[in-house]
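Enquirer: For reference, the chains in residue letters:
Number of protein chains: 2
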Amino acid sequence: MKILFLFILLNTSLVFSQLNDSVFIRTIYNEALSRGKSHEDLRELCKDIGARLSGSSEAEMAIQWSKSKMESYGFDKVYLQEIKVPHWERGTKESGWIKTKQGEILKVNLLALGGSVGTDGLLEAEIIEFKHLDDLKKVDPLLVKGKIVFLNQPMDEKQIATFKAYGGCYPIRGDGAVEASKLGAVAVIIRSLGLPIDIHPHTGSMHYNDSVKKIPAAALSTLDANHLSEILSINKAFFVFEMDCRSFPDAVSYNVIGEITGSVKSNEIITFGGHLDSWDTGEGAHDDGAGVIHCLEAIRILKVMKYKPKHTLRVVFFMNEENGNMGGKTYATWSKEKGEIQIAAIESDRGGFSPKGFELDGTDEQLKLLQSFEKNFSPYELSVFEKGYGGVDIGPLNKVFIGIPLFGFVPDSQRYFDFHHAPSDVFESVNKRELELGCAAIGSLIYLLDINL
Amino acid sequence: MKILFLFILLNTSLVFSQLNDSVFIRTIYNEALSRGKSHEDLRELCKDIGARLSGSSEAEMAIQWSKSKMESYGFDKVYLQEIKVPHWERGTKESGWIKTKQGEILKVNLLALGGSVGTDGLLEAEIIEFKHLDDLKKVDPLLVKGKIVFLNQPMDEKQIATFKAYGGCYPIRGDGAVEASKLGAVAVIIRSLGLPIDIHPHTGSMHYNDSVKKIPAAALSTLDANHLSEILSINKAFFVFEMDCRSFPDAVSYNVIGEITGSVKSNEIITFGGHLDSWDTGEGAHDDGAGVIHCLEAIRILKVMKYKPKHTLRVVFFMNEENGNMGGKTYATWSKEKGEIQIAAIESDRGGFSPKGFELDGTDEQLKLLQSFEKNFSPYELSVFEKGYGGVDIGPLNKVFIGIPLFGFVPDSQRYFDFHHAPSDVFESVNKRELELGCAAIGSLIYLLDINL
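Chains A and B supply the protein sequences, listed in that same order. Everything in the first sequence is counted per our numbering, starting at 1 for the first residue and increasing by one. Everything in the second sequence is counted per our numbering, starting at 1 for the first residue and increasing by one.
Do not take every clue at face value.
Stated by the list, open to error - List time: in silico DSSO-like cross-link candidates among lysine-lysine, alpha-carbon distance up to 27 Å: (1) B:147 to B:99; (2) B:306 to A:158; (3) B:368 to B:399; (4) B:67 to B:93; (5) B:99 to B:131; (6) A:101 to A:77; (7) B:137 to B:67; (8) A:303 to B:158; (9) A:164 to A:99; (10) A:308 to B:131; (11) A:375 to B:375; (12) B:99 to A:158; (13) B:158 to A:375; (14) A:158 to B:303; (15) B:67 to B:336; (16) B:164 to A:375; (17) A:158 to B:308; (18) A:387 to B:375; (19) A:131 to A:77; (20) A:93 to A:77; (21) B:147 to A:375; (22) A:375 to B:308; (23) B:399 to A:368; (24) B:137 to A:164; (25) A:306 to B:158; (26) A:137 to A:147; (27) A:137 to A:77.
Claimed, not checked - Which residues of chain A face chain B? A few of them, derived with a C-beta cut under 7 Å, are: (28) 33; (29) 157; (30) 160; (31) 371; (32) 372; (33) 375; (34) 376; (35) 380; (36) 381; (37) 412; (38) 415; (39) 431; (40) 434.
Rather than coming from a laboratory, the hints here were simulated on the basis of the structure. Model, not experiment: these values are computed from the prediction. We put the CB at the ideal spot given by N, CA and C, even for glycine.
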């Protein structure tokens, strides 16, 4: 009898708490959709600041803008965390042409890959095509020596998970220059890692290796890559290009951090964020303006709701995700050294599209917790609650906080590689309502983690 | 022992058939994503034809284009089905202004509602605002007599299911003119049924009632509606507008039909389609160019795969969904009179966005069948398999084929009311990959229904 009574009590309280959760989450969504600041904040970041590559003046302005914005929202603490970042600049010269055997000269759309050396004036050589990096690795060096290597591997449009298709092509961008240089090539031109066939080249990170010569590396638009490939299927061709991009000594930069102090366990932190830096083309709207704004809006809404978290809620605008991840690495070490306990981290770095759910980089038990939230999210049409990837910026956390669950926000991925690292990644490519729904989903997850951990 | 053996056999054949389904569906997706015709077909429909309101020359051209296109894909039968449709034209004059008490004159963006009478020259009167149709119904007629009624109910942006938010506002467009006229108003101006605050007015159907005077009806852009409301919150204002839209006698038009004849039960039909007509603004890209192209591409892919269906697969490009549904009504009656058996119908009329799944207007048993397909669709990230709505065009089928399951294709709905019935519903607003994924999802459902029914 006593036991039954206790059971009824517990059960009632469970129902009551679920009802509270449901009302609380509904209120988060209402604020995001009716009185949200996310779209206007993203407009300011994209239009008043613009693209913001680590070490650039725009990145510095973005840091100032972010700090002011966080202060205007009245968080308990707002501060900068100093880091060292690489400093590379595209320069002012960036042009390329195909020269056919018949003497035709065809201008192409290209972008230097991030970190590439320049060409030191016009560079001209015969261009030779490979579909895969593996094909290049197998070839006789005599065939490549003195030429420009063209790596023309298209993203596999049949992959439903577009990030997998991207991952499949990553080696041509990341490793192409080293592999081509090993064989004596004078430069490497890759097909942009983008899904549509269009005029926009997509830049991104690449690396060199001290044991081989650093050669210039650039990405062609998919349309130009197809065109060049057609030309090469008929005859030999030359490629001419000039780029005066170059690297400078490392620069001082900052992560931007805002907090609501925990009311019970202020030393236990829930970290959530995206990266403030972007590539230097377009406006970094989806990558990752949307991600930082998602997280800023999430904590702003909790603040507006006068929510008193148990744990400290901390939004981090990480700097330098795109070419070094110094923000993420520095943050993890700093937090550990301060004696903090990081109990969960969330990253949004897959664009501002319609939310599908969350992936977890964590244990089976943590997955059970995430999946127990599915009922809270089903009215909002979220259905992905599974193991997967957290994010680049929060990745270093689980090296120093063993066992911390890392959550990656999962929006629909179908349009992401239309814009990723391309001039087309501008404010107008982000839909207001899709952005707002992402903010609310992340705010709701922060709340659910805070009350359940 | 015998029983066990039989069980193993059955089980093996089950696994084998699931494997076949999985390979078959993968092949449908590969064709749609790698060699698909949907994007180019939609471009032709939107750019070479354009908007195509029932009874217009553009609708006639769209019928010719559709028939030629189906013939070019080599279906077993392609034919037209004659129907009668209303014929209304927007005319050439369509302008409106707010006149403030202070004498300011402010141009607005407006569109006549479909079927509205014209203004017979400039119409000017004081304008009076109501937030809901119910508020208008309750008001003293003396307050409204001789004035222009402004129905300014915003779509509820807090609704996650945007079609519900649309449904909530539908009465101001559908019934506004009748209710305002009952009280002696001289015209009705509604806030557009659109979610963003922007410059695009959204047209759509409305009706009159023979017992009250037909008064002109138009939709203001949401931006102008907000502006007008602000002005009216301070002082009285006048509204001036001119529209020379008018109705003509009913016109002859056609549904366009293409078939692959069933190899076993050719008299049993699986019907799938969308509507070829659109409103006369924009290009009818999402509404419902995407829907007809989804279904055309689905059957094209099955044809290319040399699939021999058990039942007859029939794609129907319905005419006149927007203002009368004569295509849907005529088709259902015609099929019944021919002695056909309609065993299932699918409609795509919710835009060309990323697929989420299918809704069923049908029985619990039919829902079980639909939900048994969930495993086939999970690699393609579809997660909605529930009861709901089929579509306007296929709706009449279950009046004459009692018990037929009606399936509505469900894409993500978040962006739909940015474009619906507005000048912004153009080809460029449809994402190629999202469109292709919809074609593959519908093709796969047709296949699964054909082998399971």
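Enquirer: Run through the hints listed earlier and report the numbers of any the structure violates, in increasing order.
Expert: When the structure is compared with the hints, numbers 4, 6, 7, 9, 10, 12, 19, 20, 21, 22, 23, 24, 27, 31, 32, 33, 34 turn out to be violated.
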